[in-house]
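Chemist: These are the residues of each chain, in order.
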Amino acid sequence: MPANLLDEPEIGAEKKEFHWTLNFGPQHPATHTTLRLVLELDGERIVKATPDIGYLHSGFEKLGEHLNFNQYVTIVDRKNYISPPMNEVAWHHAVEKLLDIELTRRCQYIRVIIGELARISDHLLCVGAAALDLGAFTAFLFCFNQRELIYDVYEEMSGYRFHPGYTRVGGVLHDFNDKVINRIRTVLASLPKALSDLEKLVLRNRIFLDRVRGVGVLTKQDAISLCCTGPLARASGVIYDLRKDEPYLAYPDFDFQVPYATEGDSYARFQVRLEEIYQSMSIVKQAIENLPTGPVNVPIAEKFAVPDKGTTYNSMEGLIQHFELIMPNRGLESPVDEVYAAIESPNGELGYYLVADGSQTAWRTRTRPPSFIHFQVFPHIIKDHLIADIVAILGSLNIIAAELDR
Amino acid sequence: MSQFRDNLRVYLAPEQLIPALTSLRDQSGFQLLEVGGVDYLGYPRRDPAKPRFEVHYVLLNPDTHERVILKVGVSEPDPSVPSAVPLWQGANWMEREIFDMYGIRFENHPDLRRILMPEEFAAYPLRKDYPLRGRGERHNFPRLTRNES
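These protein sequence lines map, in sequence, to chains A and B.
Numbering follows numbering that gives the first Met the number 0, in which position 277 of the first sequence is assigned residue number 276; successive positions increment by one, without gaps.
Numbering follows numbering that gives the first Met the number 0, in which position 55 of the second sequence is assigned residue number 54; successive positions increment by one, without gaps.
Among the hints, erroneous ones may be present.
Covered by chain B, per the in silico footprint, the following chain A stretches (three or more residues, Cβ under 8 Å) [as the list claims (entries may be wrong)]:
(1) 52-58
(2) 127-134
(3) 226-234
(4) 238-246
(5) 335-344
(6) 366-375
If you are wondering where the hints come from, they were derived from the structure by calculation, not from laboratory data.
No experiment lies behind these values; they were computed from the predicted model shown.
Every residue, glycine too, gets a C-beta built ideally from N, C-alpha and C.
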């Protein structure tokens, strides 16, 4: 361990002999991905936890300065790989705000649907994996079974199961067809049963409850001071949801609630996430029933969207447009300006600070990654807990290391 | 001050930052959401007299749903901005990341170390004069083999 890793190395010599240091990770089954904690322990009680991150740093923000607006969607997919479509929606939301593109109604609905499906799958994984770490393996399998059905939707709509890369500037890759809509209906039909099974297994499970209730309390004041957003903040009583408070896409059309809790412990975070799954289901249901007809991409005359293959091969305008957008020395023009745009991702506010230099490649793509900001909370709330509580708290924070390190 | 789409941006000098953040927090109820940096080396149509780096602070007022972006410009050779950690603890890691990526120092930061890159790393990778493929750091990284260990 480098000598300067603990930021307070000068502990009194008489105290120090009773404290010992333990490495938790970088490879530990309960961290799920690669992150490391240096724990200072008094017996089994944690005196101080120092996170050491950066093991998965892959320079995603630097890559964003070299790939164009449509190419970068494959990179944002890999940030929070638990809910890739949400990252795509966030990225193209920022690009479209920069270019001032008004999406078609159908495209807005489609983006709401894929975003909410991503939220459901993210929350399912968070709750399921936390239950797995606390010993409830069956609950994890119930959740993963549902995630498989959501992957089937991704596969049908884009051709890829894990990283769909589905959105494009001014539209999406392919329009939804009947098969996609049937797959989504399958998800909606099977989710209530799975959720009720999950709740029976977990929420009345004495072992689970004892390990999460009252553990890792984050007060409202701390949540504000630590810049928390999303379910983590809402479980502590900071009620702010971008979908309700600063509506984007087609969210004003839907009727849904913003669940919150005031306890701020791990149990409250699970409850908020579970309740959000029900709200997302209701949004997807409303969106599927009222899916507008009409074109999905912005009109070809606006020169933003890549035309579909049929238009490219069968019409002169489509061919010209395709050529203009694909050739590296052409492409769309952006204003020489900068914009911050954010959406409500499953983990909290996912924003992009996008600086454009007039070309179709960004000058700077600063991400506001919720996992990075939420992981700062961990050393604060882990104090005076036991080693076993690390797993319960990490699970409830839903730290995705690829988004943490980018 | 400038406006683009719905973003309201306010440009400040480094010494004005802390008073501005304090009054926004205490008198108007703003919360900090985001701190990030941008390197404008070679940015088109940029006035050469303007500073090379800018650090932005995105603030949100949850009651009125207003957002404001504060921008602080700093130049080489010693880019330095006062730290916002005394006001919001959440700024801690975000400022460390800017230090890591751009080499901008934050005065009064409690723990200004590299966060994503390894401690031994000498360059600031998100600066515009740093190449995309690096300067061979990865290639020359000391490697332990089983026989040596």
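Chemist: Please go over all the hints and tell whether each is borne out by the structure.
Modeler: Status of each hint after checking the structure:
| no. | hint | verdict |
| --- | --- | --- |
| 1 | 52-58 | holds (count 4) |
| 2 | 127-134 | violated (count 0) |
| 3 | 226-234 | holds (count 3) |
| 4 | 238-246 | holds (count 3) |
| 5 | 335-344 | holds (count 6) |
| 6 | 366-375 | holds (count 5) |
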